[in-house]
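Taking the working numbering, the leading residue of the sequence shown gets 1, the next gets one more, and so forth.
Since the hints were made in silico from the structure, they are not lab data. Keep in mind the model is a prediction, meaning the values are calculated, not measured. Each hint should be verified, as a subset may be incorrect.
[Stated by the list, open to error] Derived EDC-like pairs: lysine to aspartate or glutamate, alpha-carbon spacing no greater than 20 Å straight-line: (1) Lys73 x Glu5; (2) Lys73 x Glu114; (3) Lys7 x Asp102.
[Stated by the list, open to error] Derived CB-CB ranges, DEER-like: (4) Pro41 x Tyr144: 16 to 24 Å; (5) Ser111 x Val9: 46 to 54 Å; (6) Trp12 x Ser111: 16 to 24 Å; (7) Pro41 x Ile116: 20 to 28 Å; (8) Arg36 x Glu5: 43 to 51 Å.
Just so you know, even glycine gets a beta-carbon here, dropped at the ideal spot from N, CA and C.
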Amino acid sequence: MNQKEQKIVKKWSHLMYYGLLFIIMSFVQTSIAMYRFKDQPSGDITFNFFQDIFLSALFVSLFYILLLVFIIKIPRFSIQIIIHSMLLVGLWFLQDLSIFIDREASWSTYSFTESIGYTWMYSRISLLCALVIYIFLSFRLYRYYTK
1 MNQKEQKIVK KWSHLMYYGL LFIIMSFVQT SIAMYRFKDQ PSGDITFNFF QDIFLSALFV
61 SLFYILLLVF IIKIPRFSIQ IIIHSMLLVG LWFLQDLSIF IDREASWSTY SFTESIGYTW
121 MYSRISLLCA LVIYIFLSFR LYRYYTK
């Protein structure tokens, strides 16, 4: 394998590790944030709580990986971290919001604005903790792959 091919393989494995880290962190963060709705029925009765979260983590990770291709091209790592952080909080919040709407708001009379407010109230601490952990692990991956 020549040097150019090795660089391409390294880049795609780097993206794959970021994607895998994102899926794991998405699953854990949403499980913790929305655990209080674990026993409430879903709109699709065939899925349990963790299946809903896993499927939404996979779905959201597709958007993340597509955007990650562009984020990694940013030359400064500090700017990458800022954009990563905004993207992560946004995607994780959307995932939490979809679980909240599916398991709580769809069975009640919440407006969309109230759903956003309650989702933020339930998920803000787990979002911030997951973000700190993700940034730490992201920095470790970055250091490993830039050697």
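Hint check results:
1. Lys73 x Glu5: Holds, because 18 Å separates the two Cα atoms, which is no more than 20 Å.
2. Lys73 x Glu114: violated, 38 Å
3. Lys7 x Asp102: violated, 43 Å
4. Pro41 x Tyr144: 16 to 24 Å: violated, 43 Å
5. Ser111 x Val9: 46 to 54 Å: Holds: the Cβ-Cβ distance is about 49 Å, inside 46 to 54 Å.
6. Trp12 x Ser111: 16 to 24 Å: violated, 43 Å
7. Pro41 x Ile116: 20 to 28 Å: holds, 22 Å
8. Arg36 x Glu5: 43 to 51 Å: At 49 Å between Cβs, range holds.
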